[in-house]
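A.B. asks: Sequence:
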Amino acid sequence: MIPKHSAKGRKKLLFLVTEDWYFCSHRLPPARAAQAAGYDIVVATRVERKGAEILDQGFKLVPIGLRRKSRNPFRELGAIAEIVQLYWRERPDIVHHVALKPVLYGSLAALIAHRPVVVNALAGMGFLFTSSQRSATLLRAVVSQVFKVLLNAGRNVLILQNRDDAALLVTNGLVASSRVRLIRGSGVDIQRFRASHEREGTPLVMLPSRMLWDKGVGEFVAAVSMLRARGIVSARFVLVGDGDGDNPASISDEQLQAWTDSGVVECWGRCNDMPAAFAKAHIVCLPSYREGLPKVLLEAAACSRALIATDVPGCREIVHHGKTGLLVPPRNAALLADAIELLLGNPDLRQRMGTAGRHLVEAEFSDTKVAQETLAVYDEMCTR
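Each residue of the sequence shown is one higher than the one before, starting from 1 at the first, in this note's numbering.
Don't read these hints as lab results, they were simulated from the structure. Ideal Cβ positions, reconstructed from N, Cα and C, are used throughout, including at glycine. Any given hint could be a false lead.
What the hints assert, rightly or not - In silico BS3-like cross-links for lysine-lysine, where the CA-CA straight-line distance does not exceed 30 Å: (1) 50 <-> 369; (2) 50 <-> 12; (3) 69 <-> 50; (4) 280 <-> 323; (5) 280 <-> 369; (6) 148 <-> 12; (7) 69 <-> 148; (8) 11 <-> 60; (9) 50 <-> 11.
What the hints assert, rightly or not - The following label-pair restraints were derived from C-beta to C-beta distances: (10) 60 <-> 376: 19 to 25 Å; (11) 364 <-> 177: 29 to 35 Å; (12) 257 <-> 234: 21 to 27 Å; (13) 253 <-> 134: 24 to 30 Å; (14) 253 <-> 58: 34 to 40 Å; (15) 355 <-> 276: 16 to 22 Å; (16) 346 <-> 273: 27 to 33 Å; (17) 234 <-> 276: 21 to 27 Å; (18) 167 <-> 368: 48 to 54 Å.
Work the whole structure out from these sequences, hints included.
C.D. replies: Printed below as a string of structure tokens:
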């Protein structure tokens, strides 16, 4: 097959990401910025529900078979071979790998296919680096050794979203500090997510996330039960999001239904209009075990909502304790309940925190700012 080149004078940028919805929710602004700057954009991903949206941007869409959940070694070798063939066929000037498996497989494929410029991006350390399960611990040791080779090969850089993750990888020798680029989060559309006043009526505490155990959903439900036992009944507690069958930490539909049936929390499922959802909330909570820099907290802060999160990497980048929200230790339902109770009883404090959060997002976390920082990495790598 004759290799495909971009138009004369234009660079080709190829994104490798497992899910089309994740590309649209987290990587669309940098891709648009690169396109406006003269790059031709190719998106290689599993096409599930956002293919039309990607094509509408004027990007080339290449469906691939890469799956997050797959552990079959033959299927995984086939996935790597597919990526190698993709790189040979498309001949991109830059490949941008997003998340753990694309970083691993894409970096290996780039070495084989002699793609000169690789931008890797990890949005947090994920289940593999946060789980204490024996299988995850063993696999983590293997992946760490592979990282030492792939992340330090050729003209590679690694984008990380918080300083804690950077320190972890550099200190353990997985990547050279000279290869790390810190870009804090995926940014938020501050025109779409606008500040709004709290609604009158019963306070609503919201946990918006994929329904994963390591997002602290279990601790949230336990905290709500504690609050009910304390006599706090004039508040609503809702889970917004659905499970993720490709993630080992996914909470079953049966468990979510059991919580709903018990009356402890409401389960709203997936929401396609998060600005409208945040407008109904008084407090937004994410008691996660570890994050990159959670986009949902940025969006909630942009809507001027008070935040409660765990004092872990990623969350503390946006939740400044006592200013934009409250931080609590991870895996501690009792202290989480205390924080929720404190904010439920202090509407003026919630308002001050919400205003401060909006100002922080405007100053540091707009999607325009993040897109330009990412574009600067592309330009840097192309001019080396």
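A.B. asks: Return the numbers of the hints above that this structure violates; sort them in rising order.
C.D. replies: Checked against the structure, the hints that fail are numbers 11, 18, while the rest are satisfied.
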